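Protein chains: 2
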Amino acid sequence: MDTVFMPAIPSFICMVKFVIDQQVEDIEMPENLKLNTFLKEFHSDCSHKECDFGYYGFAFGQSPFPVPKIMQDALAKNADKGQYAESSGIPELKKAISDYNKRYFRLDVEPKDICVGPGTKELIYNLLELFHGTVILPTPAWLGYLPQIRFLRKNFHMLPSARKINPKDLEHLILRLHDRQKILILNNPNNPTGLLYSRLELEEIADVCRTYDVLVISDEIYAMTTYNISEFVSMAEIYPEGTFVTNGISKSHSAGGYRLGYVIFPKNTSEILQNFKKILATEYTATSTPIQHAAIAAFEESSEIDEYLSVTRAIHQIMGEYTYNTLLEVDGIKATKPEATFYLLANFNHFVPDFNTKKIYNSQQFSESLIVHPYHTAIVAGDSMVLERTDFSARLAFVDYNGAQAMQNYIASKPSTTSEKLEFVRQNAPRLVAGLNMLQRYILDLKKDAASIIAQKQSSHAQ
Amino acid sequence: MDTVFMPAIPSFICMVKFVIDQQVEDIEMPENLKLNTFLKEFHSDCSHKECDFGYYGFAFGQSPFPVPKIMQDALAKNADKGQYAESSGIPELKKAISDYNKRYFRLDVEPKDICVGPGTKELIYNLLELFHGTVILPTPAWLGYLPQIRFLRKNFHMLPSARKINPKDLEHLILRLHDRQKILILNNPNNPTGLLYSRLELEEIADVCRTYDVLVISDEIYAMTTYNISEFVSMAEIYPEGTFVTNGISKSHSAGGYRLGYVIFPKNTSEILQNFKKILATEYTATSTPIQHAAIAAFEESSEIDEYLSVTRAIHQIMGEYTYNTLLEVDGIKATKPEATFYLLANFNHFVPDFNTKKIYNSQQFSESLIVHPYHTAIVAGDSMVLERTDFSARLAFVDYNGAQAMQNYIASKPSTTSEKLEFVRQNAPRLVAGLNMLQRYILDLKKDAASIIAQKQSSHAQ
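Going line by line, the protein sequences match chains A and B. Each residue of the first sequence is one higher than the one before, starting from 1 at the first, in full-length UniProt numbering. Each residue of the second sequence is one higher than the one before, starting from 1 at the first, in full-length UniProt numbering.
Keep in mind that the hints were calculated from the coordinates and are not lab data. Note that the coordinates shown come from a computational prediction; the quantities given were computed from them, not determined experimentally. Take the hints with a grain of salt, since some may be wrong.
[Said to hold, decoys possible] In silico lysine-lysine, BS3-like type, Cα no more than 27 Å apart, as pairs:
1. A:K277 - B:K277
2. B:K164 - B:K154
3. A:K358 - A:K448
4. B:K40 - A:K277
5. B:K421 - A:K17
6. B:K277 - B:K112
7. A:K154 - B:K277
8. A:K77 - B:K69
9. B:K17 - A:K277
10. B:K17 - A:K154
11. A:K154 - A:K164
12. A:K457 - A:K358
13. A:K69 - B:K77
14. B:K277 - B:K95
15. A:K17 - B:K277
16. B:K17 - A:K168
17. B:K421 - B:K69
18. B:K267 - B:K277
19. B:K447 - B:K337
20. A:K337 - A:K164
21. B:K112 - B:K337
22. B:K102 - B:K277
23. A:K154 - A:K34
24. B:K17 - A:K267
25. A:K102 - A:K267
26. B:K69 - A:K69
27. A:K17 - B:K77
28. B:K337 - B:K421
29. B:K34 - A:K112
30. A:K40 - B:K95
31. A:K168 - A:K337
32. B:K154 - A:K277
33. A:K359 - A:K40
34. A:K40 - B:K267
35. A:K112 - B:K17
[As the list claims (entries may be wrong)] What follows is a set of in silico ranges between Cβ atoms, one per label pair, in the way DEER data are often shown:
36. A:Q22 - B:K77: 50 to 56 Å
37. B:R103 - A:S413: 51 to 57 Å
38. A:D108 - B:D306: 50 to 56 Å
39. B:E92 - A:E301: 33 to 39 Å
40. A:Q23 - B:R103: 35 to 41 Å
Beta carbons: idealized from backbone N, C-alpha and C, even for Gly.
Produce the complete structure using the sequences and hints provided.
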């Protein structure tokens with residue numbers, strides 16, 4: 001059944017009834033949009049004077065740094081490029097991406113096996129359109145995959161992966177699936193956990209995938225944010241025959257707004273690539289030409305980009321360690337210790353009895369109670385990451401600070417000791433510090449309130 | 001049945017069989033990609049010295065002018081905008097688009113009813129995803145609609161419309177369709193004919209649509225190229241309650257490579273727009289932020305844009321009239337007289353007996369015979385525009401000249417008399433002149449060859 005919409009307000013002219021495709025009706029609002037609406041609804045400007053700080057932003061997954069100057073210059077210089085580009089990307093860009101992958105990730109990728117698109121998100125969507133098969137989605141997961149899988153009406157199965165994918169669990173799930181093709185979505189480094197898969201861990205997953213001919217979409221958009229970059233291993237190095245790598249400039253180069261990503265196809269898949277190009281050409285012609293030229297500067301070797309990447313990585317690490325340590329100061333909070341990205345996954349399940357006493361029964365209610373006065377703290381709650389609604393886990397992005405200033409100060413005086421790093425966070429990320437304090441206060445209040453509610457009940461019971 | 005691909009070249013590692021979705025297999029290569037491949041295959045560099053001109057380009061629908069300087073400057077100035085934009089577009093851009101539509105097209109559009117996307121093509125695709133219903137596609141048609149309709153597996157019916165949609169034919173077709181919703185794709189001004197619908201013609205179409213509750217996607221991407229701009233009428237003015245207008249910067253502002261378009265939703269359809277935003281957020285997050293800032297300059301009122309639009313329109317008209325007149329010099333060629341765009345549709349069906357004598361039986365063979373030595377002339381043949389394969393019609397784009405130079409010369413000395421215009425074409429578009437001469441020569445050769453083949457046959461028969 002499709003749904004019929006009648007315009008709400010009568011107009012002088014006859015009204016048309018529009019019939020929306022049921023497929024569209026059925027997908028939930030994607031989480032990033034929901035988050036926006038949610039923040040608007042629950043965080044109206046607070047009437048309390050001391051709340052003029054707005055809200056503490058641990059929700060949005062956006063790098064706080066400016067786009068590298070060399071990319072900005074390249075974009076400005078190529079503003080005259082008004083002509084349509086080839087649907088799979090301009091040759092110079094594909095060459096630069098090929099070199100970049102050799103240089104940093106030890107991947108021997110030929111430019112012809114690369115396909116450029118207007119963002120990694122759209123390319124993942126296009127890959128899901130391209131391939132027949134049942135999708136295996138390890139959870140917790142980035143909030144973008146599930147709406148795509150649902151909108152494309154693909155068969156899918158979750159693979160609960162508390163910290164990382166367990167190869168045995170993966171194998172058990174695969175054995176239950178009877179589809180001719182299985183597609184594993186691997187996200188490494190991982191959003192929301194900030195964890196990195198080691199070579200050995202990837203090899204164990206690859207062994208399973210090889211045995212059962214599983215196709216892997218390896219979303220490596222955070223590869224370049226790995227704090228110790230030499231530790232990053234691409235799945236395409238371990239399982240080259242079955243891995244489709246996606247990456248881009250949104251996270252490592254802080255250029256999410258530019259909208260550019262790429263896919264690396266396995267060798268000898270030109271017929272499949274040809275089919276992929278049909279999808280691209282049918283849906284969106286090509287990626288913005290000036291943006292493609294700007295991206296060349298992101299991928300070409302330059303000391304500016306090298307410094308940019310190493311400085312931003314180091315700052316993410318400092319902020320990540322601070323966030324992790326501060327959370328762990330509170331008895332009962334657990335968290336993943338990030339090795340990459342600008343996220344960690346914090347686990348508040350220890351406090352479930354207290355939550356329940358305060359009539360907070362699911363993660364949605366948890367995040368709502370955090371955004372209102374006096375806390376004003378925005379997080380991404382568990383169900384947005386495809387966790388059970390009753391799982392009180394939350395993704396915290398540690399990005400609520402002035403990235404340009406932090407970079408400048410880092411370069412001027414690189415903090416190396418523990419106390420220098422602490423001082424760096426205090427100086428450069430006061431909102432991060434205040435927001436984490438607020439979170440601690442929330443937990444203290446929660447326990448205090450819960451205790452007092454129980455005490456009241458007991459006393460009224462005693463009377 | 002899905003198709004299984006095995007990598008063609010054996011590798012040392014075990015191979016994975018990939019299963020491609022049948023839907024992807026089934027869509028033909030989109031025509032713009034096919035054209036590229038076709039040109040590469042059939043126009044290898046000619047061994048004849050005199051053919052160092054490459055080929056005459058009447059095939060690609062790309063404006064020859066540079067992107068307006070004011071847009072280039074805006075893009076350069078906003079290269080630092082690395083942050084994700086709102087999925088439906090940044091408010092300043094939607095405000096500028098609203099003003100632009102009031103100013104030029106008498107449309108009272110509120111910014112909230114506008115949705116920005118990475119190209120009009122993708123937005124049309126998204127609209128086709130959004131709406132349930134059977135698509136009515138008037139033919140000949142732009143080469144982009146059909147692959148989208150097919151890929152989305154939508155029900156559709158052609159509506160043969162030799163020059164323009166005949167409202168009676170439209171009504172007859174609608175009465176045969178039993179879907180709850182019918183979607184008419186209107187392309188005005190029209191690609192490939194270059195024709196413009198008058199207010200009266202639109203009213204007659206709107207009457208039918210209103211009677212049968214037909215939803216109209218009005219692709220008005222060429223609106224601003226209307227030679228006499230005061231003659232352009234938007235379907236949204238005539239049938240506001242049922243029309244979704246698409247437009248952008250690709251054609252009027254020569255910025256196809258920038259990738260930006262917009263949709264105007266009818267008033268009081270906020271629930272439908274909300275569903276549309278879900279699609280956008282699910283598939284591609286948002287449109288490139290720096291590109292959106294550049295587009296503000298395209299839509300905001302400025303003397304530079306006004307002059308740009310009036311000069312480029314005038315040059316398109318001069319080139320169009322020259323192309324039309326030159327084609328009509330050949331007895332038997334018919335053509336539409338363009339009133340907008342940079343195309344016309346030429347009809348070579350008069351020569352079918354000659355084509356057949358030379359074993360040219362369909363429009364594909366026709367275009368192949370035109371691209372080889374000595375003609376080297378690229379056109380878009382009939383079947384690419386959803387015409388019968390045996391219809392020897394061709395779209396000719398009159399854009400093979402240096403647009404920047406033509407603009408400069410036009411501004412320096414505006415040609416007004418017929419002979420000044422002829423001189424302007426000769427001075428500024430020598431390849432257009434030579435290409436049309438080549439087309440004339442092709443027809444003369446065709447008739448001569450056909451006559452000589454017949455004579456030979458008759459003489460061999462007589463012997």
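Does K95 (chain B) sit within 27 Å of K40 (chain A), going by the straight-line distance between their CA atoms?
holds (21 Å)
Tell me if the straight-line CA distance from K69 (chain B) to K69 (chain A) falls inside 27 Å.
holds (22 Å)
Under the criterion that the straight-line Cα-Cα distance not exceed 27 Å, is the pair K421 (chain B), K17 (chain A) satisfied?
Judged against 27 Å, a Cα distance of about 50 Å means the pair is violated.
With a cut-off of 27 Å on the C-alpha distance, tell me whether K69 (chain A) and K77 (chain B) pass.
holds (12 Å)
Sort out whether K277 (chain A) lies within 27 Å of K154 (chain B), counting only the CA atoms.
holds (21 Å)
Restraint check for K34 (chain B) with K112 (chain A), where alpha carbons must lie at most 27 Å apart:
At roughly 18 Å apart (the allowed maximum being 27 Å), K112 (chain A) and K34 (chain B) satisfy the hint.
Holds or violated: are the alpha carbons of K447 (chain B) and K337 (chain B) at most 27 Å from each other?
Given pair K447 (chain B), K337 (chain B) holds - Cα atoms ~25 Å apart, limit 27 Å.
Starting from the range 33 to 39 Å, see whether the pair E92 (chain B) and E301 (chain A) falls in it by beta-carbon distance.
Taking Cβ atoms as reference, E92 (chain B) and E301 (chain A) lie about 37 Å apart, which means the hint holds.
Straight-line alpha-carbon gap K40 (chain B) to K277 (chain A), limit 27 Å:
Between K40 (chain B) and K277 (chain A) the Cα gap is close to 17 Å, so the pair holds against 27 Å.
27 Å limit on alpha-carbon distance, applied to hinted pair K17 (chain B) and K168 (chain A):
holds (23 Å)
Quickly compare the C-alpha distance for K358 (chain A) and K448 (chain A) to 27 Å and report which way the hint goes.
Roughly 11 Å between the alpha carbons, so the hint for K358 (chain A) and K448 (chain A) holds.
For a C-alpha distance cap of 27 Å, please report whether K17 (chain B) and K267 (chain A) respect it.
Between K17 (chain B) and K267 (chain A) the Cα gap is close to 13 Å, so the pair holds against 27 Å.
The earlier numbered hints that this structure contradicts are 5, 21, 27 and 36.
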